[in-house]
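Using our numbering, you'd call the opening residue of the sequence shown number 71 and step up by one each time.
FYI, nobody ran anything at the bench for these hints, they're computed from the structure.
All values derive from a computational prediction rather than experimental measurement.
Backbone N, C-alpha and C fix where the C-beta goes; we use that ideal spot for every residue, glycine too.
Treat the hints with caution; some may be incorrect.
As the list claims (entries may be wrong) - Simulated restraints on C-beta separations:
1. R217 <-> Y299: 21 to 27 Å
2. E328 <-> P359: 34 to 40 Å
3. R399 <-> R238: 40 to 46 Å
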Amino acid sequence: MEAETGIAETSAGEGAPDSEGRRDLLDLSRTDLDAWVEAQGERPFRARQIWSWAYHHLVSDFASMTNLPAGVRQALVSEFTLGSTQVEATSTDTDGNRKQVLRLSDGETVEAVVMEEPYGSTVCVSSQVGCALGCAMCATGRAGFVRDLTTGEIVHQVVDAARTLAPRGRRVTNVVFMGMGEPLLNYEAVLQAIANLTEPAGLAINPQHITVSTIGLPERIVALAGEPYAVRLAVSLHGADDETRAVLVPYARQVSLERLLAACRTYARVRGTRITFEYVMAAGVNDSPDHARRLVSLIGGIPSHVNLIPLNPVTGCDLSSSSLAVMERFREPLTKARIPVTIRFSRGVDIGAGCGQLRGARSGPPPERGGAPRRYPRRGRES
């Protein structure tokens, strides 16, 4: 992976044991749990029971797994913890979007966002502490990279959200890897998290209701197309030519749009699905009619949907968002070319939970929005 990005990739996967030598149960794959149960001399159905308690009943301690023999529960207590993160702070905006700051076992923090709609609930999860890619409009990238999250630390963000939803009869229906970090730079841990979240005996989230968002790592996009989980792909494009894109995305200097779009075509063909292209609108940078026409030429022929996203206020970023009128004009050439496009108004901006604003509580509240209207309508406008 280092050859592709110039950034060394680590492999988090399973976390280190705690001070008592215990592992996080949520790090385990279903196969790992099956093997552990067999090693205990127990019958295979015990693994399904344990998995169901952790992922379906959402218990927070092993004592609550009441249909397990006492010996199995004691073995679990001796060898495992049930999640290695703690919710440190919660913020809720006027629309009910909730940002949670989670404290990890080593003291680092990450953020997750829970968004509720009548049709279901979406959890936006982080995959890394910080990010090495340094995008201009992203608070996470400005904070720098610390480490990858383990599978359990990713999964716990969803499990914790599910615990808060369950008392009201709601469940997690969608997961988007759009929080802190670049998911495809933590490939193995993210892939195992997807496997755990889609396991039928637990949360049973439909893979097509999981979206992996990436800045665009061609080799990993092609690899993801061949995995057994038919997740959706979102690509942070932000520019219709390499020079413009590099203003917002420094990584664009290493991988051309030509290579990136070739990988996207492969993913769309193999999966038989469309790609979502995310396009943050920065005033005077990438929002001219000429940029719109170039975008049409660039993605033409790829089954896709384009999200035009107002640039959210981020500490240290001097860029401002395009106005709503500019975004609507930008949309016109795409609509004429029959490319589905939505002006996507970020949710949770006022609590620092909008696109590009997550930073793991490393700085203060988000700055006031400059250059663009203070508040956009809640829902997207499609055409």
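Worksheet item: Can you name, in rising order, the numbers of the hints this structure does not satisfy?
Response: Result: hint 2 breaks, nothing else.
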